[in-house]
Structures are given as C-alpha cells and as structure tokens.
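Engineer: Sequence lines, in order, name chains A and B. Throughout, the numbering used here is defined as the position within the first sequence, counted from one, plus 68. Throughout, the numbering used here is defined as the position within the second sequence, counted from one, plus 2.
Some clues are possibly wrong.
Below, in silico cross-link-like pairs of lysine-lysine (DSS-like), each with a Cα-Cα straight-line distance of 30 Å or less [as the list claims (entries may be wrong)]:
1. A/K333 x A/K350
2. A/K481 x B/K42
3. B/K91 x A/K153
4. B/K42 x A/K447
5. A/K162 x B/K94
6. A/K447 x B/K94
7. A/K461 x B/K42
Chain A regions said to be covered by chain B (calculated; three or more residues, Cβ under 8 Å) [as the list claims (entries may be wrong)]:
8. 373 to 381
9. 430 to 441
Don't read these hints as lab results, they were simulated from the structure. Model, not experiment: these values are computed from the prediction. We treat Cβ as the ideally placed atom computed from N, Cα and C, and that holds for glycine.
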Amino acid sequence: MSLAQLTLHEAAEKLRQREFTAVELTDAVYRRIAEIEPRVCAYLTLARDAALEEAARADEILKTNRGGGPLLGIPIAIKDNFLTKGLRTTCASKILGDFIPPYDATVIAKIRSAGAVIVGKTNLDEFAMGSSAENSAFFPTRNPWKLERIPGGSSGGSAAAVAADECIAALGTDTGGSIRQPAACCGVVGLKPTYGRVSRYGIVAFASSMDQVGPITKNVRDSALVLEAIAGHDPADSTSADSNAPRYSEMLTGAIGKIRVGVPKEYFVSGMEAEVEDKVRKAIGDLEKRGARIEEISLPHTEYAVAVYYIVATAEASSNLARYDGMRYGYRADARDLLETYTLSRAAGFGAEVKRRIMLGTYVLSAGYYDAYYLKAQKVRTLIKQDFEEAFKHCDLIVTPTAPTTAFRLGEKIEDPLQMYLSDIYTISVNLAGLPALSLPCGFDHDGMPIGMQLIGKPFDEATILRVAHLYEQSTLWHKQKPRIEN
Amino acid sequence: MKLSPEQLREVALLARLRLTSQEEARLSADLDSILRYMDKLNQPNTENVDPFKHMITGINAFREDRVTNPPDPELVLANAPDRDGTFFKVPKIIE
Chain A
69 MSLAQLTLHE AAEKLRQREF TAVELTDAVY RRIAEIEPRV CAYLTLARDA
119 ALEEAARADE ILKTNRGGGP LLGIPIAIKD NFLTKGLRTT CASKILGDFI
169 PPYDATVIAK IRSAGAVIVG KTNLDEFAMG SSAENSAFFP TRNPWKLERI
219 PGGSSGGSAA AVAADECIAA LGTDTGGSIR QPAACCGVVG LKPTYGRVSR
269 YGIVAFASSM DQVGPITKNV RDSALVLEAI AGHDPADSTS ADSNAPRYSE
319 MLTGAIGKIR VGVPKEYFVS GMEAEVEDKV RKAIGDLEKR GARIEEISLP
369 HTEYAVAVYY IVATAEASSN LARYDGMRYG YRADARDLLE TYTLSRAAGF
419 GAEVKRRIML GTYVLSAGYY DAYYLKAQKV RTLIKQDFEE AFKHCDLIVT
469 PTAPTTAFRL GEKIEDPLQM YLSDIYTISV NLAGLPALSL PCGFDHDGMP
519 IGMQLIGKPF DEATILRVAH LYEQSTLWHK QKPRIEN
Chain B
3 MKLSPEQLRE VALLARLRLT SQEEARLSAD LDSILRYMDK LNQPNTENVD
53 PFKHMITGIN AFREDRVTNP PDPELVLANA PDRDGTFFKV PKIIE
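So that you can see chain B by itself, here it is in the shape it has in the complex (with noise of 0.2 Å):
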C-alpha cells in the first residue's frame, strides 16, 4: 500500500475531513490504485525541465483600488448558517 492507515488519517486530517472506518477502507484502496497509476510519471527525463508555473506570460495586472461593490451586509448575511446583528456566529476559537 502507497499509504499507511496512520498515513491516510493524517492526511484526512490536514484536509479538515472526518472519515468513517468505511471510508477509509475504500480510500485507501482508491488512492493505492490511482497512486501506481502516477508512478508512470518517473518514465520521462524532466531533468534541466522548468515546472509549469502559470499559463499567463504577461505583468502583473495592476488596477486602481476602488469600491465597485459596496458592502450589503444583509445580503452577505443571508446565507449565514448563523449570526448575530451584522457578524456571522462561530464555534469558540480561542480558549
């Protein structure tokens, strides 16, 4: 296996995903498989080879820093799973 048990956990981790045991059974069946598909990429010579960086070859892209969209906090609110006047509600961050 391209993963380990602890492997997979730990990486579900970092992606902020809670996995059921059946889950990652399945998951590390999956990535295995699609993993030694990947290994083919150790065929061509990248040697001297730059990594693809961006597609637009151009400057940056610079712009005058107005407001176009004035904040609605009613609208941003909206879809809020949940609020309190004109702030979104979340869990206790700080201990």
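Next comes chain A alone, as it looks inside the complex (with noise of 0.2 Å):
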C-alpha cells in the first residue's frame, strides 16, 4: 500500500512512532500525482521543492521532540482561491495572471505553524462559481470514480485530489456547497463549518455573507482534526466569532444518546435519483437503529433558496469583483482611456460564468430592480433562517441529501445555467442561514459513482454532526472504498 493512501489521523500515529519519515510520505504522495494526475487533473499549481523543504523541517521536529499537532508533516492540498505567500494564486481565473500573494491567508498561516506541508493548489470553477470545476479557465478536473464524471464543485479539485489520494487531507471553500456537493460526488467527507468559525482573511472573496473555509478529509475524525487547526477568532476578519473552538477530535465518543435527527419532508421530492434517496433514507434508518430519534420536520421556504441565492450571491459578487479593474495586479489590456481599460481588461478576463453572474449581480442591485429582487430576495432569507430556527425547536441535527443526483457527465450541464444552479438545492439555505454541515458518504449508485448523505447542526454545534456522522461511518465501509482510476 502507499503512504499517500492513509488517512490524517493515521499518518500523524506513524509519523510519531517513525514508522515513516515526513519527506517519505511526502515523497509517496508526489509519486502518486505523478502517476495518476494527467487523468485526474486535480492541480492547477504544485509546489514540490517547497513541500519537501516543509517535510523535512516536520522530520526535525519529530525528531527531537515527538512533540507538535496532529497537522505535523502531514501533506495538505489548498484550492487555488486561499492566498499563499510566495505560491501562484489564480483562482482559476485568467484576470489573476500569475499572482503571487504577498501573504498568507489566515488558515494558510496556521497550518504552516502547525508543520503542514502545502502540496499544491487545486483547480476550482473560476472564482468558486460553479457547481462541476468545469468553469476553470485553464482545464476540467475528472472524477477519479469515472474520469467523464464532474468532481462536483467549485472545490471539485480538492475533492478529487483526496479521493485519489493526491494529498492526505484538503481545504475548500464553500458559498453555496462547494465543499459539499464535491465531497459528496467524490466519495469523501467534505465540512461547511458554521459562518463566522473559520477565518476568510486572504481567502479571495466571493459572497461575502455566506463564504466560509472548512476541511474535504478521507473521514470524519480527519474532519475534526482539520477543524481544529484552522478553526477560532481572528482579530484580521471582523466576522470571525470571538469564541473558542472546542476539542472537536475529543468529542468523537461513539455515543449519540438520545440525540433527535430531522428529516425534512421538503427535501424528499421529485427531482431526485430514486437510488439517492434510498440510500439517504436507508442512513436515516441505520441512524435510527443506533438510539437516534427520527422526527419528521418542515422547512416551508425551500423551494424558494436557489432564486434567493442566486440573487444575493451575484450581488455580492458584482461588487466583490469590481476589484480586478487590471491597475494594481492581473491583466491589463491595451486600451484608449482608462474607461476602456477597465472594460477590456475584464472581458478578456473574466470567464463566460463569472460576466453571467456579474450582469445578475448587477442587474439585480440597479435601480428600479434592487426592491423587487435584491430587497425581496433578502426577505425571503430571513423567512429561510427563521424555517431552521423553527425546526431546531424540535430536533438537534437535519439529515438530507447532498445532492439530489450523483456526479453527472462533463459538459451535461454547462450550456444550461439553471440546471447547473439547482444542483445546488440541498445544500444552499445552510449557507443563507449561516449554518454548519457535513456531507459523508453513505452508499453508491449502480455506476459505482458515490452517494453523499448532508448533516446540518445548529449554529456554532459542528461537535453534534461530528460526532453523529463519526458515529454512522464506524458502522459503515462506503469511506473505505477507493476509486480504480482508469486509463
């Protein structure tokens, strides 16, 4: 077996008891890049000199000490949009050109200090706006379950990069489930930790009132060691809670007591594969047989999150990405005027997704428009916090799916933007509402293609949909499952 197949927590017990050294299981993972990345394309930017100084500085101190985190020479892959100081940050966007960051993002500075080795940057849709990673402008990530496959997005090569073993854990960001909807086609447990939990500063901003940073892992312990890492206040980001994160990798007991599991009738409808619901509800069920009390619920305003998502989220992008104007970094075109520099820099810039939800943004946010669409929209998701609100009333976790299909073919969906966007519909009112959740792996279509199950908790209470999805894997086998990449 190679080293790049073990898990974090796994290879932090090896490393310690110098079963192996940190430069060989760094070494292992770049051999299984270089075997498999051509098919799998995962990585936009790999960082091999660097890393293996990085591993050899962990061996050092587990050498002297045997002391130092779980995160210790452990090799992590970063989506290309977290800013690393030194390291080409795209954002899979053509308008970055080659930017190198001046700084590290928070959660960059932070794994550092806890002896990470940074492997590369993974590709994503340009900007993190997609739902397949097809919307890169430099190439598509494959699913390593079946390369024709979407690796879900937009951290669609994170999840890819772990689920083939391309690094032994990953970070993500997720606005509307692109940490979740890629963990869930990829085979791998993919967390939104809840807003404000985890730092953004110098993660490039998307939608800023639902961005959050959290952790795409081989299983749920690793989940909770990543959380650990990066979680906490940050005096740079004004919306970081000013409170401490708790010892999630403590909190995985087995025990569940009993705990009430909502199942929301409103996301059990058509528009689902017959085989993900049955798998889903054979979860619940398997839940329900280990002391969990299954509660049906109500979240009325579901069916209306995709049109208020994409609504806020374009409008907060509109005006995020007023920023690449091509002075101070990124492409500059030739232009006239200075008007026109701008106009032209950001057409040959900017991808054919990203212009899209720039004209809604802005369309929605002009004047005339603003009350019936943004001001609606923005009614709308107060109507959807108050649904969860109203719900965690009478249960402590909501299991759904992730998605209501698996993976679907590359190009599938590209040229239809709705279809793309309702791809989206399970996982997108958790970040409307600020809310944390989980999506693990419960089963397999008849393709072999990977099925993910979704636990939503209450603000701030990542500790309960750790514990329950930790809980649900030890009786399981799905996470141990390990895709045949093909020729």
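With the hints as a guide, bring the two chains together.
Structural biologist: As structure tokens, this is what we get:
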C-alpha cells in the first residue's frame, strides 16, 4: 500500500511512531501525483520543492521532541482561492494572471505553523462560481471514480485530490455547497463550518455573507482534526466569531444518546434520483437503529432557496469582483482610455459564468430593480433562516441528501446555467442561514458513483454533526472504498 | 424578454464589461430564463418581514490600530501590470 492512501490521523500517528518520515510521506504523495494527475487534473500548481523542505523541517521537529500537533508533516492540498505567500494563486481565472500573493491567508498561516506540508493549489470553478469545476479557465478536473464525470464544484480539485490519494487532506471553500457537493460526488467527507467559525482573511471573496472555509478529508475524524487546527477568532477578519473552538476530535466518542434527527419533508420530493433517496433513507434507518429519534420536520421555504441564493450571491459577487480593474495586479488590456482599460481587461480576464453572475448581480442591485429582486430576496432569506430556527426547536440536527443526483457527465449541464444552479438545491439553504453542515458517503449508485448524506447542525454546533457522522461512519465501509482510476 | 438590448448594454457598462454581440445574445437568453425562475419569489408573503442584514449578531469588532504588516513596496509592486519606481503606473485619469 502507498503511504499516500493513509488518512490524516493514521499518518500522524505513524509519523510520531517513526514508522516513516514526513519526507517519505510527501514523496509518496508526489509519486501518486506523477502516476495519475495527467488523468485526474486536480492541481493547477504543484509546490514540490517547497513541500519537501517543509517536510524535512517537520521531520526535525518529530525527531527532537515527538511533539507537535496532528498536522505536523501532513501533505495538504489547498484550493486555489486561498492566498499563499510566494505561491501562485489564480482562482482558476485569467484575470489574476500569475498573481503571487504577498501574504498568507490566516488559515494558511495556521496550518503552516502547525507544520503542515502544502502540496499545491487545486482546481476550481473560476472564482468558486460553479458546481462542476468545468468553469476553470485552465482545464476541467475529472472525477476519480469515473473520468467522464464531473468531480463537483467549486472545490472539485480538492475533493478529487483527496479521493485519488493525491494528498492526505485538503482545504476548500463553501458559499453554496462548494465543499459538500464535490465531497459527495467524490465519495469523501466535506465540512462547511458555521459562518464566522473560520477566518476568511486572505480568501478571495465571492459572496461575503456566505463564504466559509472548511476541510475535505478521507474520514470524519480527519475532518474534526483539520477543523480544530483552522477554527477560531481572527482579529484580521471582523466577521470571525469571538468564541473558542472546542477540541472536536475528543468528542467523537461513539455515543449519541437520544439525539433527535430531523428529516425535512421538503427535501424528499421530485427531482431526486431514486437511488440517492433510497441510500439516504437507509442511512437514516441506520441512525435510528443506533438510538437516534427520527422526526419529520418542515422547512416550508425550501423551494425559494435557489432563487434567493442566486440573487444574493451574484449581487455580492458583482461588488466583490469590482476590484479586478487591471490597475495594481492581474491582467491589463491595451486600451485608449481609463474606461476602456476597465471594460477590455475585464472582458478578456473573466470567463462566461463569472460574467453572467456579474451581470445578474449588477442588474438586481441597479436602480429600479433593487426592491423587486435584492430586497425581496433578503426578506425571503429571513424566512429561510426562521425555518431552521423553528425546526431546531424539535431536533438536534437535520439529515438530507447532499445533492439530488450523483456526479453528472462533463458537459451535461454546462450549456444550461439554471440546471447547473439547481444541482445546489440541498446545500444552499445552509449558507443562507449561516449553519454548519457536513457531507459524508452513504453508498453508491448502480454505476459505482458515490452518494453523499448531509448533516446540518445548529449554529456553532459542529460537534454534534461530527459526532453523529463519526458514529454512522464507524458502522459502514463506504469511506474505505477507493476509486480504481481508469486509463 | 426581461431585459431589452439597451438595458443589457447599460448593465454591462455599470459592470465595466465590454461584451461581444455573441455574448450579448447569449446573456440576454440566459438572464431571461434565470430571472423568470426568480419570479417564484413573488409567491411567499413577505409583508412585515425584515430583510436579512447580517449573520453576525454581535456588536462591532474594535481593535487597536497597530501596524502588524509593515509595508513592503517591492512585494506589493511585484504583481503590478505597470510601474514607475515605487508607484503603480495607470492610464491617464484627468483629461
């Protein structure tokens, strides 16, 4: 077995026991990358030389005091919308050119000081806008389970890299499902923490009222370990919550007591593949056998979530992306005057989906349409948030499918933006309400494609969803299955 | 159509995007179908509902105004499309 197949907590333990070194582990990851990356296409930039130096430094620490946290010497992949000092950051967009960040995002600084080894930067939909990783300006990433399928998006590169053992764990961002949906598509674990739980300082902004950072990992314990390392207040991010993050990994006791699991009736309606519904219902049955009390609940405004999201997210994006003006960094077109410099640089630098969202966002914020679209959407967002507040009076967590289908084929939805938006139908309400949610594998369809189950928690209660996810995972073998990558 | 060709061009100017005629045609169709889908927001009753404003319910986050990242002009200018010494060089702004 290659060392690259290890989970984070296995690798951390073996590093500590000196079964192998961090340099050997990192080398195993790059050998795996050399073998399959031409087919999977998960990475935009690899940082092999720097990574081997970081691994050697980790080995020094491991040799001297056997101390350090669980991330020490662990090869981690980073979605390419995190600023990494000295390492090219593109957001999978041409407008950033060969941008070299002058500083690290807070979470990058945190994992660096914990001794993590940064393998490289993973592919995404341009500026994290998409559900398939096909909107990358460079190339699409393939699903390791079947190369003609999408890996999900926008953190498609990170999810594919974890599933294909091209790293031990990865970081992604989630604005409407961009960690959870690709995790479901690739058969791995993806966690979007509560809004405010993890600092966004140094993360390229898309929709600031929803963006969150989180781990994509091979199992639930790894997810808890990475969250522990990156969570917490950051003075540089005024939206980060001023509360300490608990030791999540110590809460995975295997006991869930008489926990109440809410199953929203609005999530089990037409549009979902029968096999997805079947596997998620079976998983809910398994939780019941382990002592959970299952309650049918109602989230009555669910059907408006996609419409609300694509107004709010595009409005915020149109404003956030105004900074790409070709003045201080990124692409600048040759032009006759200032206005033309802006319009031509942005025309050449942004891809079709980003332009579509900037146009939509600008329109819904423009004079005469603001009330009809933006203000109306924010009112309905209040109703969606209240739905969850009401539901959580009757349950401790909510279980749903992560996506209505398994990974679809490359090219299948790229010509129909609305169909693509609807693949986020089960994940976006969570972002609108700022809640934590986790996707983990709960089975496979007849084609052998993974199916994901989503656990949604109360604000700042990542511990409960991690605990329940861990208990479910202990009773199944889904997370142990590995894709056999086609030639 | 929800947006006339003139409106579309007006929005593109506000967004500082030069669109080709092909892009205009495609966007016009796409935005039309997306905005028609948004019409479902007229169904729920939002009378007396406050618009969502912010996820964070706490008070403002204040901190001391101390420099923690001393300026490094070379590092910052390294990504500049054009520069002149320690300045960004930009197109003429005042006629």
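Engineer: Does the structure keep B/K42 and A/K447 at a Cα separation of 30 Å or less?
Structural biologist: Satisfied, since the Cα-Cα distance of roughly 13 Å is no more than 30 Å.
Engineer: With a cut-off of 30 Å on the C-alpha distance, tell me whether A/K333 and A/K350 pass.
Structural biologist: Within the cut-off at roughly 16 Å; holds.
Engineer: Given the hinted pair A/K481 and B/K42, is their Cα-Cα distance within 30 Å?
Structural biologist: holds, 22 Å
Engineer: Has the stretch 373 to 381 of chain A got at least three residues whose CB is nearer than 8 Å to a CB belonging to chain B?
Structural biologist: Since three or more residues must qualify, the claim that chain B covers the stretch 373 to 381 of chain A holds, with 5 doing so at under 8 Å.
Engineer: Can the restraint linking A/K447 and B/K94 be considered satisfied, given a maximum Cα separation of 30 Å?
Structural biologist: It is violated: about 43 Å lies between the C-alpha atoms, which goes past 30 Å.
Engineer: Is A/K461 within 30 Å of B/K42, Cα to Cα?
Structural biologist: With a Cα-Cα distance of about 28 Å, the restraint between A/K461 and B/K42 holds, given a limit of 30 Å.
Engineer: Hinted pair, alpha-carbon criterion (30 Å max): A/K162, B/K94. Please report holds or violated.
Structural biologist: Holds, at roughly 25 Å.
Engineer: Please verify whether B/K91 and A/K153 have alpha carbons no more than 30 Å apart.
Structural biologist: Status holds; Cα separation ~24 Å.
Engineer: Between the stretch 430 to 441 of chain A and chain B, see if three or more residues pass the 8 Å beta-carbon test, and mark the coverage as holds or violated.
Structural biologist: holds (count 4)
Hint compliance for this structure: hint 6 is the single one not met.
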